[in-house]
Amino acid sequence: MSSNSEKPDADETPKVNVPSTAKKSELPMFEKSISDKIVEKFGDKVEVTFVKEDRVGIKSGKENIHDVAEFIRDALHYDHVESVSGVDYPQNKEIEVVYHIGSYSDSSLARQILVLSTSAQREENPIPGNDATRLPTLRDIFYSVEFHEREVFEMFGVYFEGHPDNRRLLLPEDWADLPPLRKDFAIKGR
Amino acid sequence: MVGELAGNYSTVVLMFGFAIVAMAPALIISRMISPRKRSNPVKFLPMECGQVPSGEGRTHFMMQYYPYILMFVVFDVMAIFLYAWGSSLLEIPKIATLPMMGFLGIMFGAMAFALYQSGRRRIW
Amino acid sequence: MTEQLPPGLALQKVDERIMTLNVGPQHPGSGHMRIIVQIDGDYIVACDPDPGYVHRGEEKMAEYRNYITNIPHLERPVIHDSCNVLYPYVLGVEELVGIEVPERAKYVRVIASELNRCIYTMYWLAIYGIFLGHSTMFMWPAGDRELLIDLMEKMSGARVTHAHFVPGGVRNDLPPNFEDVCLRQVNYFEKRIKEYSAVFYDNPILIARTKDTGILSREDAIRLGTTGSVLRASGVDYDLRKKEPYDVYEELDVHTNVMKEGDSYARSKIPWLDMLESCNIIRQALQKMPKSGSVRTKLKPNPKGKGLNSVYKRVESGRGSLGCYIVSDGKTEPYRLKLSVGSFRNLIALPYLLKGEKLGNMPSVYWSLNYWPVEADR
Amino acid sequence: MADAAFLALTVITIGSAIAALELRSLIYGSIALMGTLGGIAGFFFLLDAPFVALFQLAVYVGSIAVLILFTVMLVKRELIFKKIEDKRRKFAGIGLMLTIMVSLGAVFIDSGIKTMTTDEPATNFRDIGTDFVTYYWPALILMGLILAGSVTGALVLAKREDVENDQRVN
Amino acid sequence: MTNELIDFTLVSVAMLAIGIYGLAVKRNFIRMLFAVEIIINAANLNLVAFGRFLPHSGGQTLALFSIAIAAAEVAVGLSLIIVAYRMYQNVDIADFRSLKG
Amino acid sequence: MSVIAPKFKLSEFIKSLLDNVFWTVLILSLIGIPAVMMVLFFIEMPVINGELLTPFLALTWIADPSRILPIVHAFMATDIFRVMVFPGFGFAALLAAGTIFVERKMLAKLQLRVGPFYCGKIEGILQLMGDGLKLISKEIIIPAKADKPIFWAAPVLFVAAAAAFVALIPVAPGWVVADVDLGLLGVFAVIGFFPIITILSAWSANSKFPFIGGIRALFQMVSFEIPLILSLLGVVMLTGSLNLSEIAASQSNFPWIVFLPIGAIVFFITMLAELERIPFDLPEAESEIVAGWLTELSGMMYGLVQLGTYLKLYAFAALFVVLFLGGWNGPMVVPPFPAEILTEGIVLGPVTANIPGLPLFTQEMLNGTLWFVLKTVGVIFFILLPRGVFPRIRIDMLLNLGWTKLIGLAFVNIFIALGLLYAGVLGPGGLQ
Amino acid sequence: MGTATGIIRALNSGIKHIAIKRFTLRYPEEKLKFVGDGYQFDPSAGVGIAGLKGRHMLFHDHCTGCQLCSIACEGVAEAIAMVKVPDQQKQNKKSIMPQIDYGKCVFCGLCVDACPFYALYMTNDYELSSFSKEGLIYTPAQLQVKPYVAQNSEIQITSRGATHG
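Chains as they are written, first to last, in our numbering: chain A, 1076 to 1265; chain B, 77 to 200; chain C, 5 to 382; chain D, 393 to 562; chain E, 20 to 120; chain F, 25 to 456; chain G, -11 to 153.
Honestly, the hints are just simulated from the structure, not real lab data. From a predicted model like this one, the values you see are computed outputs, not experimental measurements. Among the clues, some could well be false.
Derived pair list, reagent style DSS-like, types lysine-lysine, alpha-carbon separation capped at 25 Å [unchecked claim]:
#1 F:Lys39 to C:Lys195
#2 G:Lys72 to G:Lys134
#3 A:Lys1127 to A:Lys1258
#4 C:Lys64 to G:Lys72
#5 C:Lys246 to A:Lys1107
#6 C:Lys359 to C:Lys264
#7 C:Lys215 to A:Lys1127
#8 G:Lys19 to F:Lys133
Distance windows between CB atoms, simulated [as the list claims (entries may be wrong)]:
#9 F:Gly198 to G:Glu17: 45 to 53 Å
#10 B:Ala188 to F:Ala447: 25 to 33 Å
#11 F:Leu118 to G:Lys121: 16 to 24 Å
Heads up, the beta-carbon is just placed ideally off N, CA and C, and yes, glycines get one too.
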């Protein structure tokens, strides 16, 4: 039922897309320069996952994440973290923590989001706060991660070393189950 | 005859007493006809926004504005002293206003100091 | 202001002068959250926000539903801003699935989004009024909001939970004669909210009460990562509609309202100015909108994302930047979905602002943060 | 009627004076003290001195009692209900009280004021105001100085001195 | 009964005795303040009673002054209680021995 | 109607009414009349005008206004009537109830909504009665650790103190419960009780929010008492009297608000604060402290406090009228009673109707009451209006306002009055 | 002075609003008028037709029992169950039709979008309250009935303010 009506849309797409394609050809230059600066500084320690329009993805090991974040703040003028998300990869035995870093003070970076990701070791039977699922906190670099890291801690069990207030935020105080956003925490009935 | 003026004021007391006599039955009737279910002890806890009450309900408290009460005690006296003067103002000579102005001047000084002190919130 | 901030609530020594008050969750001045406030006399010594009373795991639920059936669920956190809360998700899915949106649908989305922003802000304003003891300011916005709810109902068929945006456009075309009705009601709405200034925004008592309370400086606003009206009230000119225009915002003339003071009066005035600006945007969009054309690109019944891919889209909602981070692993369900909401990002400023503030300022500072507990809990 | 009022007031005043000193709770003691003060105001009414009576009500009951009540509430709850006294001291005090009551009472009953009555009209309250600013004006100025000194002294006394240590907990 | 000075005087004597009893026995600072108030009131009662029976307005005037001074005294006294309570966390007069200024 | 009583039949309804009447009459005549007779046998009846008052005589008097009127007049002259009905409790409670209704409807109109609508068919006029019934039938919950005697007594004492305040208000010439020389000072003595009752009620609940609210109420009432007292001194200086009736009567030419507008404004503001009305309703600031000192009060206890609050509102508005707006003074608008109606009754064709009720009140009294009520309602309107347009202010702003601005203005008012008096504009030999 | 003018302006605005028409819709007596007959969907064009998303209406002669609506509802509310119906329709071989539990339905309308046979629409009827949970479950026979609605009140913008009449 869908094959017929997709055609007019396919005709429309180039017309709508003209401005954005024009941008696409020039803008990744800017993002490329950002990623180049990081690669230049850290070399093999970081890995550029993607460079898209307005988005630059950087992956770093947990040893260097602190230095990378400091470099991002001081040299690249990113100044706040919009979101800290954990992503659980049970096959790889790791939990990826993704920081979306933006900038208010530098107007040329207003559209940019730097996606800084790192990963922590995943344990099958997590004891939140007392197992190897640990990462260094970025709170002393970006103050705005405070509540976000608390949320990641309770939802994934990633303990942030150096975070001064590693308590639960959203979940009840007597939550005794698995951290709920891990993949092995199954919703009842599904 | 001593005590004759008191009769006028007795009606105020009468009104006070009448209100008590008329209003106390409202509470008693309400207590009689309203349901009284003692099923849940949580019902009789003080209001604490849905949490189990923590700590004492009556702590010693709210010291920042304590100077205002101290000031009230003193300046209430002043204000009613002024009434003793103001109500007889039509009968006394004009020159007799001067002592009252002196009194007021002293009290203004005290009030200025007290307001300055009570305005310094950090020390209370 | 750059000294070390208190880490949450870490009272080393509890004096016996200090009283702990639980403000919320069953409190007329807290919403669905608890603020543990410690007061010394009339001054707040420390404050610890405790959200999570309405946490329902939207992010977890989203991992079990496909890209279409997620739509009615994801708008639940902010039902009166439901178009805006769906917006980044829909944009993200469009990028993941790779479809384009017709021009007319983009305009319809912008109109719906602006109407919804006004609806949300009116609700927010009503609660702000009642928090300050101004019952008229509760009733007027709650009533005038009805004008826009009526428009949204004509447009989408539901009064609050519209479920109107879908990947590829919007669900249905505008009803006939909608443009005229919309223009008339929006004009009247603008006239009405201008009248609020007499009893509310220019009211000397309100100004005396909220000026110079809870001041958030420009540096702190940036450092704490606040967003939306809180950020703009502190003097940072940052509006995603202007800075990172999505859909057709770059063709419209959007003015960003910025105030320098950063106190709770400025934080409460910015949303009101934004509503006036929204009226302008709606009028422009109604004028520039193509009069006919498709509003929805047809999509396969169960769209799939392309491979292991992630996308982060953000829009300017009623409470500030609202980002949606979608990780797809090529299935019909998102592998991970994260909403980065303005409320949650602004909450971090609350302990910072309330420390040393008077207890009487607590509701005004709290609600001026444009905080919606349900959205923050998700 | 006036006699009945006198008897009732006597009972209220003396009873609540005893209660003010003897009740276990300080709050109830303050309430009883208010009863005493009100009873004295009632005596003033009976003595045709309504100005003094209302002054007593407005100042004593309206403000001094409030201040006392407030201060009592500032004190810890255990202390409000705490009773610190000595049995022997108490009996000695009761003996002292009875001695004073009996001896002074006997002196007064024996003295000439026993038969003192009057039928003259009561003093008009306006005379008091006139007295204040004419005959007693130095006393009025002195009164002002006393009040000013007391409010100053009370404020200086009551303010906290441990501000730096206590106010900023963090 | 009310037309006789002696009755008011006797009430005043009784209150004076109660006040002295309170001062002698009680060791609670606030209670002692109560006792002082009772004594002051006894004096006021006498002032007004004598002013009424020897018809003279001076009795009432002096009673007004007396009440005003009592107000001043209470303000200072309660401040003292506050200070003492802050220092010793108690209102027992026996604990105030080391109050040397 | 069909939902409420699905099987309604008019004939059955009438029949049931007739049944009730029949049984009532039967039981009364069989039991009531012998009982009354037995009681009358033992009771000595009074002798009035030389006649022994028998039940039969009493019945005939009801039909004869010329004989019943003196008794009604005599009853109306007693203190009991004044306390219970006219200038006292009943009148004030009626006005207070009217105030509650007007407040709700006016606020609703201002806020573009309907207000009470369904209860009582006509614009929800019976809503107050419904609320009262609801409150009286609700459970009274007392917190477990509360200080019960004080907790129970506080609402009743609150109403009683408000009633004592009402007792001092003159309504019409000669119509006042307590006509005392020092009425104004009595007012100050009475309003000194409210903070005590409030703080005791708040303390006794043993809960945090009432305690904070009670202390706020204490600070607020106590701080605004001094500007209140000082702002009225100007009127007292000009009239030389503390008697409220005399003050009201002294304004036959000009109300004092003409000469002392600053005092009137200060008094109005302090009045709002003493009444805990918006913008000064800090003791009940619901967004900070749940309902202030009313938090733990439930059911009829809350109802009594509300009654006391509105009685207090009426009393303060009436005090404003008496002191600044001329009390009962106003042009004579009530027509004089035609003498022939009093003596001969109204002749309507063949029927002659006697109206015995008319001469109960004099023309002056009715006129005075009319003006008094009109002015009071006007003042109440302005007391209620700020609730619709102002937010609540903060406690430190409130204390600052009271202790600096209002006291300063009150002293300005005193010096204006002094200047007017010594310049000879007012006072003996002046305008008034 | 600004304070005084501000206060007077606020009071003036308050008094002025006493004369403005009230906005309230007196609900049981007056009911809002909606656009069209309710939310419908045109599968060939792929877009919906604007209207209120109220109670559903099922056309028995179009329904084929394909369960697409039920599948669409699974991720949302699980309100639709397919039940057997007694009447035999030519196009409906299995004789199953949707039965909707309005205790669960969120009125999102995704089921209408899913129906490719013009069989399921939504109507303007939104007054579905019932005393029992069973009363909220609408069988295919009940869904077939076109509801009677009397909705005629509209927002009127007059010189004395907006009102619902």
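If you check each hint against the structure, which ones fail?
Of the numbered hints given earlier, those the structure breaks are 1, 3, 4, 7 and 11, listed in rising order.
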